[in-house]
Each structure stands twice: as structure tokens, then as C-alpha cells.
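Add chains B, X and W to chain U, keeping to what the hints say.
There are 4 protein chains.
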Amino acid sequence: MKRKSVAILAATGAVGQRFVQLLENHPWFEISVLAASERSAGKKYRDACAWRMETDMPKEIGEMTVVNTDLKAVKEAGDVDIVFSALPGDIAGPIEESFAVEFPVLSKAAAHRMDEDVPLLIPEVNPEQLELIPIQKRRRGWSGFISTDPNCSTIQMAMTLKPLMKFGLKRVVVTTMQALSGAGYPGVASLDIIDNVIPYIAKEEEKMETETKKILGTFDGERVRPADIAISASCNRVNVKDGHLEVIYVDLEYKPTIEEIKEAFRNFIGEPQRLKLPTAPERPIIVRDEIDRPQPRLDRDAGRGMSIVVGRIRSDPVMTIKYLCLGHNTIRGAAGAGILSAELMVAKGYI
Amino acid sequence: MKRKSVAILAATGAVGQRFVQLLENHPWFEISVLAASERSAGKKYRDACAWRMETDMPKEIGEMTVVNTDLKAVKEAGDVDIVFSALPGDIAGPIEESFAVEFPVLSKAAAHRMDEDVPLLIPEVNPEQLELIPIQKRRRGWSGFISTDPNCSTIQMAMTLKPLMKFGLKRVVVTTMQALSGAGYPGVASLDIIDNVIPYIAKEEEKMETETKKILGTFDGERVRPADIAISASCNRVNVKDGHLEVIYVDLEYKPTIEEIKEAFRNFIGEPQRLKLPTAPERPIIVRDEIDRPQPRLDRDAGRGMSIVVGRIRSDPVMTIKYLCLGHNTIRGAAGAGILSAELMVAKGYI
Amino acid sequence: MKRKSVAILAATGAVGQRFVQLLENHPWFEISVLAASERSAGKKYRDACAWRMETDMPKEIGEMTVVNTDLKAVKEAGDVDIVFSALPGDIAGPIEESFAVEFPVLSKAAAHRMDEDVPLLIPEVNPEQLELIPIQKRRRGWSGFISTDPNCSTIQMAMTLKPLMKFGLKRVVVTTMQALSGAGYPGVASLDIIDNVIPYIAKEEEKMETETKKILGTFDGERVRPADIAISASCNRVNVKDGHLEVIYVDLEYKPTIEEIKEAFRNFIGEPQRLKLPTAPERPIIVRDEIDRPQPRLDRDAGRGMSIVVGRIRSDPVMTIKYLCLGHNTIRGAAGAGILSAELMVAKGYI
Amino acid sequence: MKRKSVAILAATGAVGQRFVQLLENHPWFEISVLAASERSAGKKYRDACAWRMETDMPKEIGEMTVVNTDLKAVKEAGDVDIVFSALPGDIAGPIEESFAVEFPVLSKAAAHRMDEDVPLLIPEVNPEQLELIPIQKRRRGWSGFISTDPNCSTIQMAMTLKPLMKFGLKRVVVTTMQALSGAGYPGVASLDIIDNVIPYIAKEEEKMETETKKILGTFDGERVRPADIAISASCNRVNVKDGHLEVIYVDLEYKPTIEEIKEAFRNFIGEPQRLKLPTAPERPIIVRDEIDRPQPRLDRDAGRGMSIVVGRIRSDPVMTIKYLCLGHNTIRGAAGAGILSAELMVAKGYI
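Residue numbers (the numbering used here), protein chains in the order written: chain U, 603 to 953; chain B, 603 to 953; chain X, 603 to 953; chain W, 603 to 953.
Isolated chain U, as found in the complex:
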């Protein structure tokens, strides 16, 4: 198979760098265009980008010239089959729309997540939302389309809630301890976080409470009806580089045993696993039995950063059960999510 050509918008930022890293040697995709703001346009990627990954920048990518984040500039710079957008939320909206007229746009930004005709996709959880794509194209008259990945802290929680739906999921209380990399770069000032916790992340609680209902909603052939769940989130920033840790309390209509819950987590697989997509982890959810796991530094790289690790599953005196959930926020929660979504679309013929 000829590899698909990929353009990355906001390629020099934290998520953009992670896209570049994860796409190195990808069997289906190759980077053809790197776009960023005017300040970077015209420079070699190696000069435009303050590379912060622990692995070296791929040599040939470093030699590529960055172009402006502009439809015309991107088209002139190379072939494009797929556009990954890591644009900041405040400017992503109209730029992504301009690209979607011609190209599939897979976005990490919040701008279009709650649009009625836009998928809010987690490949293992709700692949049926891909059916919104033809509806969107028809309605908007586009050759391309927009599909979105949820917020990082939402993705990992939603992946663990999905297998609990069959027990009659009614109410969710979640407290997060989120990593620094979730705030981008430079992001959180070191003086703010040393010997400290910051108990507030702008718009994060609203995203978790709203997006989850769409993700777990029901697609009726026309639209997604939000899941009938009450969700309360409290989001905190802790002094951890990567890996969001979440304490989740759920109220379930039926009263499964702890072992039934574990089985539901362990047996959970989805389309990516059935289709053996290149970026799909063997196990979307890994259950750890140790008393003190998951931990961010020890578990964030499970499944090459694409598995969600749960642990401390136990009965709850107020709700039904409580447990911990950990995911790598810039892999499963960002660039890896986009790549897995693209793989699913290719496999299903949407791209």
C-alpha cells in the first residue's frame, strides 16, 4: 500500500512534536507537510522547533521547511491525504473548516467537538460516530470533513466507562491529578507547581462533564443522543511530567461483583484490536492488582502509551464502586489518539 501523505498543523508545538515522533516509521502514513505560525514559516523544522522529546528528531523531518498554516501554502508544499490539527483551541475553528473543504481533518482542538455532525471519536468506544462523516459532508457541501478526538482526561475516563455501561451506569464522580504536559509548552510555570498542586484547569471540568455524554451517547443513524449520565469532575494539576491519574467513583444500577468489573475491563476490546490497526494496543485497558497501582511514572508507557491502566477497583460506601485510571495524556490523550482515529478511517474507507 502506498503510504498516505500527512500534513500536521501546529507541527512545532508540544502535540505537534509528539505527532512527528509517533509517525516516524509509521507503516501507513508519512509526513509530507509541516505547518506552523508565521513566525516559523520558511524555516527548517529543526530551526523552527524547540524539540523536547526524549528521542532524537528524525533527521529527514528536521530538514523539511515549515510552511504557514494556510490552505494554499499547505497544498503547494506537498501532497496531502490527511490533516492532523494540533492547533490551539482559540484559533482552530475557522482554520480547520477551511481545510475540511478539501481534506479529512483530524483535530485535537475543542472547537468542533460538540458540533452535531462532527464525530467525537474514540476508536474502541464509538466507531459508529464515523457515520456522521457522510452526513457532515453532505450537509456542509465539503469534499473533506472534520473529526475530533476528545479532551485528554476525557478519553481515558470514557474508555473505562464504556465497559461499565452494561451494568447500568448512572452517575460518575471523578477527581483528576493531571500532568504538566497537558498544559502545552511553556505551560505551567515551575514556580507555580514546585512543592504544590494547582487545583484548577480552565474549562477542563466542563469538557469532562459534557464530552463524555456525547462519546457514550447513542447514534440513531442521524445524530448522537447524549448518554443519560450525571457526571461531576474536579481537575487538578500535579507535579508529574506525563500521565493523568483519575480517581473515579461510579454508581451502577445493577450491582456487579468486583471480579465482574475486572472481567469487563479485561475483556474490553474494539474495532482497532479486531482490525489490528498499527497503533492499537493489544489491550485497551490493563487491570493491575497491586495495592498501589497505577502510578503515572510506572504505568504511562503501557501499550506504548496507548493502553489505559486501571487499579484499586473496590466497593464504595457512597457510590457502587471506585477505581483509579491512568493514561498517557500526550499519546493516548492526544497525538496517538489522532493517529489511531486516522488508521480506523483508512481501514473503514473513510479516507
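Be a bit skeptical, because a hint or two may be false.
Treat identical chains as interchangeable: a pair holds within one or across any two.
[What the hints assert, rightly or not] List of simulated lysine-lysine pairs, DSS-like, C-alpha gap at most 30 angstroms:
{"hint": "1", "residue 1": "Lys-604", "residue 2": "Lys-857"}
{"hint": "2", "residue 1": "Lys-646", "residue 2": "Lys-864"}
{"hint": "3", "residue 1": "Lys-645", "residue 2": "Lys-864"}
{"hint": "4", "residue 1": "Lys-645", "residue 2": "Lys-805"}
{"hint": "5", "residue 1": "Lys-739", "residue 2": "Lys-815"}
{"hint": "6", "residue 1": "Lys-878", "residue 2": "Lys-661"}
{"hint": "7", "residue 1": "Lys-857", "residue 2": "Lys-772"}
{"hint": "8", "residue 1": "Lys-805", "residue 2": "Lys-646"}
{"hint": "9", "residue 1": "Lys-805", "residue 2": "Lys-857"}
These are computed hints drawn from the structure, not numbers from a lab.
Quick look at chains B, X and W alone, frame taken from chain U:
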């Protein structure tokens, strides 16, 4: 007033050092005996103790000779009116009993907290539990007695729950982010906590779930009937030196406005404030209105470490309200708690 | 004595906030004007400033209106006897000159430090450089003047080198481990420093190597002849909030014993101590004998942040001796330095 | 080639775990015996060991039964061709001797490093010290022998000093900023290192000053004459998980240009590279040209943790040049060093 003579058990440990620090220049108390394990006994305090406070060790205390944690040794070492015990939980039980035959023992250990005839005291919250003292003395035939302070993470939560009782407190879900100093010294290994969170603290969740009901219970003249509240706790260790941060979700029978909740917090005072006890903070609970407070490093020293700081009080989609609560775990949560309790006992004539 | 009126330039920044904190209840000075950039001008200080000190903002200061950093605006805003400048190095030069035409300007910026007629003052070390003030005023035709404090890491090293001069100081090698607050706010990104050291601080090594020679130089009645010392500095940023730690190796012509070195440190006092200036620490240099001190968190507040703490003084196989030196970089290294300098000028009649 | 059977002493500790991790899928070696203290003996490795590596414990290793650190017990447990010792320094001496009577013992402990007839080996630097092995065997009447790896902070410095020898290396001043993992587990208490630097590591400075002279010494066919270099070390512990950073100042007899120094570093290779040993990094020393590298978190994994990264090479006002040097302390500085040494011995026929 002649100052009362104080013996400190486990005086060289982390909480013991905090007692020494806080008792410097105390108007009512003076340290007469420092007791520790056999390894330290016979040495000067300055040599026996790896002092870790940010203020200097009081000079004259450094010159005192440490004695063995043994009733006879302590009595020979000096006058004793009050015994503060910072003993480790696993050995505290019988040692404290041996001292209580003759002396008032104020304990930071868990050993006797749930004993039916032992106060589990927070001076602002349940001073009526002091009435267990004569019952205990009579029942056990002691000249002295044992009174206990709750677990550190429990104290600060219970102080904020008390003023919510009038709104019909039914259910509490709490997620903690606790400081390193709560684990004592050496406590948490740096290799375990760097770039990490440890989502487990042995016995901590059980303590929060159990002790709170006794603290908020009703004293009927004979015993304490536990409060009829369901409590679920999840306890985590984060990379913070001092100051436990807690995310609290409460379900209330009546539905107060946010402003009524704030008023209840702001107006909350207790016996220590009415009696103007030396260690009592002017305001037991401080309400902060900023979107991102309280924070451990910025707020833990409020009221010289004796105030609890709450913030982000808001409606909750699952429970009734949620809010944050922060306290200094080795001052209000340990040594300061013991001293305030002793002050209340002196003022009320129990010592 | 009527208190002198003080204007602070760049009052909302990290050093500016420290000035506000340290000047609360100062016996000689009171803040009359707070100046900052246009973005802040016109706002109340409480609204213009993201206050980051661990103590509360003084209430009445919070109510003051910030004015633009402009001579006219400052003069209209209130009486001014002294101007403290915490301006960023790149804009400080001409602005400070404009104020110096009329007022004494005490600057924390690098812009004028190496000017021939400008003092580079450490009150305990080189009070004779104050005699440059009349020379400067005459030469420049100003009613006011500019005096500068050295770079933070330079101040603390120079204070320890001064008493070593009598042993024939020839060569100095210094490696620093500097605190985050030295980079201002937001300064160092948390993603850069977590689990890391950044072995480079722009222009810092040059400042240490150059400024020290002027500080320790000889004033001949007309100018300062730089000290004839070779200095090599390597500067590193470590994950510490406040307090620069420096490893210093010195080559001395005469070969004092370790005890003679300690005596020289312990006996070192200067004009601020003789004059009992309000901000002067009792001991400018504190010698600690423990094997593992000074440490930033334990020793930075010595002498209310105005003492330098040295330790681990020992013979050196390559140079003559080596030792550690620690100072609070935003107190003795910045705002406290400026205030002590101003106190010295008042006491000596320069203001 | 049949793989050599390897016994690991102190297999459950921090360095022991690293040996297990690095030996997974090793082409020449396979683990046959895991030995540890009596507390662990008899348990499965998975139960005896609190595994702390970020990668999973190899499954089949987890099932192995740990035996006591005793010659007889080890021999009964399996075939042994090589013994890796990660024993604590205070007990390593006699135990290693008991094993060396029969087996090659490659030790990470300090006990025998300075023994006249024991190699202090860095494969790239001084492979000629292997010739001490037959001398040692003859003198001690052993079938086996002891060979040692230097202290972690010494290895990386010595590797960078070796190519500077040709410029007439005379004097070295080094200040280290060392990682937490160098202290083993539990090692440094989190309360000691948060917001802090600990400027003392027991015996570390002496090791750097002494071992380096033997490493860089001259083997005359009988013994190693120490290099005639003056070395001064100051060792500090910083809040970094892995990777020692060292600031090195060297005085050279000849005055090479910076470019000549860089060339010397870049061109440095040794026997491991010529022999293409499995664990040998392609480049023992990597020169980085960025102004702010090497950094521990970004560079410690270079060459799979076996390369030393240098940077900021510049002229020095006091010595001749100064530079930074970074190495992974538990790979190149410990377990990886032992494995590379063993590979060299196998290739050279010593095992």
C-alpha cells in the same frame, strides 16, 4: 500562671520536632522532658535528633538529655503535667496506657482513637467529648487519661463538615492529595515520588471513613453515637512537602445556596475562639474566592498553620456541592492539634 | 524621623512583590508610588498583580493605583525620595537615567552596573563605592543618581570572598546551583525542570566573572580599579524555589588553616552591622559545621534571608580551599539588597 | 555460541534490578541464579523484589527462586560462568572473595577497587588492566578473580578525561549534580530533597579523587602506577531521577583549541567499539553543540544509556577549559558497566 510542664514522647521524630518548635515561647506550657527510643536515650537532644524544621532548634532544648520512653525514666527526668505522645501507631497503645495511669496523655497515634471512652477531639468541633474523660478515669481507675487527636486528613475535612451538618449532611465523597510529611521521616522515598503520584496510603481511607463518624457523632452523656453519614475516601500522596489538599463532594438534604455555604464556613467558630486559646486561629475556616485556591504552598501557613482554607465552592451535578479543603498536616493535623487540645483541657479544668 | 517615600518600578513583578513584602512595616521607608507597565497602569495593585508571596499582600498596598513607569506619572502619583528599580535588564537603562535626573535610583538591573561612575554596592563589602555618587552627579549634571546592586549569585559569592582577600585571593572557580525564582515569573517552564537540571543561564557566568572584580576592586578617590583575580563560573538551574547554592574553590597566596578561614568568615561584619541598619543581619556570614549544610530549603531564611550561609570548608587538592555558600536570591540577592543599600545611603547622608 | 550463565548477587536491589532488565534478551549471557539476602531467599523473584523499573519484569525471571548470597547456595541453584555483584559496599569484600575462588566476579562495590592486583576497569579507557587478572589469580591462588567497575560519577568523568590525556592533563576540578538513583532504594528521603539540594554524598568525593588516578594510570606489566593528576571533587545530590551531571574544569599543559578538544571527544573509541561488543555504544562520547545541553532528562538515554554526553566546551579563565559531562548512573555507571566489562572479558578470553 505557672506554666504546665510537658513531656513529649517520640520527641526526636517529625511530629516530635514540630511539638518542640511550636512550644517554643508558649505562654502556658514548657517542655520538661524529652523521651525517645533507647537509641536516643542518654544523648543530648541536639545530638539525638536530626532536626529538620526550617527554624533553628531552641538552644536550651538542644541541651536537654533525652530519656527512654518509659514511665519511670520520664518521672525521674522532671515534673510532668501533660504528656504529648507522637509515638508510632504500632507501639503507642500499651505505652500510652502506662502513662495514663498517672498523667493526662494527648495522643497523635491511632491506637486508642476508636475506644469507646476516649475523646477523639477537635476543639472547635466536639468539645463535648471531653466529658468522656471522667467516665474513662472512673471506668479504668486511672488518675490520668488518654485523649486523642484524629488522623491529619480527617481533622481538616471534619472541620469543614461540621458547619454543613445543619444542611442535612448525608453523604461525602473525598479524594485527597496528601503531603510527604504526613508519612513521617524518612517516609516516602524520593525515587517513588519524583515525577509521580502514589495512589495509596495504608489505612488512611479507613481512618477518614471511620473517625469522621465518631468526631461528628452525638454525645449522649455516656457515649458517642456515630453520625449517620456515608463516607467514601480515596487517598493519594503527591510531591508536596506540607499541606493536604482534599476535593470534597457532599450530598445535603436541604439545598443551601453557595452563598449560604460560604457563610456557614465563614461564621464557624468554636470554644477555642471564644476562650481565646493561645494556639487558636482567629478564623478556623478561611474561605478564598479565587478560582484556583487553596493551594498547598500558598495557603498551608494560614492562621499560623491552624486555619483550614476552603475554596472553589460550587454546585455539583451528582452530589449537592463540591469544594476544596486544605490544612497544614503537621500543625493543624498533628502537633498544633495536640497543643490546642491541651489548651482547651486546661481552660476547662481537665488538666 | 519622617519615613522616606519610596517608588517601586516594575512593582508587579517577582522582585517588585518582594520589595512590597519586605517594606511592610519598614521603620524608615514607606511605599508612595507603585509603577509598572502600561498593561497594569490605572488598575489597583491587587488587580494588576498576580501576588505570589507566601504572606498576604498588605491590604493598603492592594488598594493603591498602579501608575505607568514614567517620570511624570510617578511624580504626579506621590512624593518620592527614593526609587527602587526592578525593571527588566533590556529596558532598564534609559528609564533609570530619566529618573536619576531628579531622584536617587537604586537598581536591581544590570544595565548600569559596570558604568565607571556608578556604585556596584554591597553594603558590607564596599561602602566606599558610595563616594562615586558625588562624582557621578557632578559629571552627569544630575540632582539624583544611579546606584546598582550586583547580580544575585554574585552578591553572595562576593560577600564570602571579601574576608578572604587578606589571605591573598588569586583565583576563584565557582559552580552554581541556582533557584527558579532567579528567572522571574513565569520564568522556567515546569516541563523543562522536572526531573532535570538546566546547565545554562544566559549572561550569568559573565556577570559573576566581571562584576566580582569591580565589587572587590579598589576605590582610589576617582574610580574603582578592578581586583586582580581570575574567576571562572559555571551556572546551573536546579529544581529549587529559592536559594542559590554555590560550590566555590579559591586559590590563596598565603595558606591559612581551615580554622583561620572560619574565623575570617565568622568575624566579618561591615557598616550595616556597625550602624545597626534595620535590614542588616546580625551576622552577614554564618558558618555551619554540619557535614551536609548549607542546604537551600533549610538555610535560605537565615538572618531573615539577609545572611549568607557557608559550610563544608575544607582543603582542596587543586586550589587552596573549597567551600559552599548559600544565599536567598530574592532577598539578599535582590529586594533586600536594594533596601539595605538605601538604608546605608540614608545613614551616610547620600539620600 | 552457547550463552554464558550469570549469577547476580543482590539481585533484588536497585542495581540488581537494572542488571535483570539489561540482560533480558542479551545475546551472550543468560541469568541462571538470583541471589539476595536471607530475607528474600526461598521466595520467587517476583515476590522478593519490589520491582521499580519502568519496563515490566521479564516473566520467566519473576518465576525464578531467589537463593541466599552464599557460594554453596548459588552453586546448587544453577550453572555459573560469571558472577555480577551489586552488593552493598560494607559487606561486599569477603563475600566477593569467597566467590572469586571459583568464579569471575565483576563487582560494582567499592571494596576491592583499590586493591593492587584488581582491575578498575572501564572497557574503552583501560582494557590493559585486564592483564592484572592472571597476576591476581596467581598471587591469590584462585580459579576465579575479582574485577571492579569504578564509582558511577567517576566512570563518566574518566571517560572524558582519557582523550584529554594527550594534551597534558594536569589538574581537574569537578562539581557534580547527582541523581537520586545513585543512592539506591529507598535512598534519599523525599522530605530531604523536595525544593532542595543536598551538598554532600558520603565518600563520593574521595572516590572520584582516588579512583580516577588508578583508572588513568599506567600499567607497567606488573602493576598500575597512578596518573600524576591533581583532582578536586565536590559532590551534590539534586532532585533528578537518573543521570549525573558534572561540571569539569581541566588544566592542560598544551593549549588545544576548543575544536581540537571536540575532535578528541568525537574520535574517542576503544576496544568495545572495535570489537563491536553487544552493549557497546557506537559513540562512547557524544558532543552536543547546543548552548544548554547536556541535560539529565533529555540526554541520559543516549546510546541506550551507555554514551557519555558532553557539551558547553569553552575556554576557562582559571584553568584551560571547562565543560559539562552527563552519564546514566545506573546503566553506564553501574549495571551496564558490569555487562560491558564482562563482554570484553569474554571477547578477550578472560572468561
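How the hints compare with the structure:
1. Taking identical chains as interchangeable, the C-alpha atoms of Lys-604 and Lys-857 are never at most 30 angstroms apart, the minima being 50 angstroms within one chain and 56 angstroms between chains.
2. For a Cα distance limit of 30 angstroms, the shortest separation of Lys-646 from Lys-864 across copies, 25 angstroms, qualifies, whereas the shortest one inside one copy, 49 angstroms, does not.
3. For the homomeric pair Lys-645 and Lys-864, the shortest alpha-carbon distance between copies (27 angstroms) is at most 30 angstroms, but the shortest distance inside one copy (51 angstroms) is not.
4. For the homomeric pair Lys-645 and Lys-805, the shortest alpha-carbon distance between copies (26 angstroms) is at most 30 angstroms, but the shortest distance inside one copy (34 angstroms) is not.
5. Taking the closest pair of Cα atoms, Lys-739 and Lys-815 come within 30 angstroms of each other only inside a single copy of the chain (24 angstroms); across copies the shortest separation is 58 angstroms, beyond that limit.
6. For the identical chains of this complex, Lys-878 and Lys-661 are neighbours both inside a copy (29 angstroms) and across copies (24 angstroms), given an alpha-carbon limit of 30 angstroms.
7. In this assembly of identical chains, Lys-857 and Lys-772 lie within 30 angstroms of each other by CA distance both inside one copy and across copies; the values are 12 angstroms within and 21 angstroms between.
8. For a Cα distance limit of 30 angstroms, the shortest separation of Lys-805 from Lys-646 across copies, 27 angstroms, qualifies, whereas the shortest one inside one copy, 35 angstroms, does not.
9. Taking the shortest alpha-carbon separations for Lys-805 and Lys-857, only the inter-copy value of 25 angstroms comes in at or below 30 angstroms, while the best intra-copy value is 33 angstroms.
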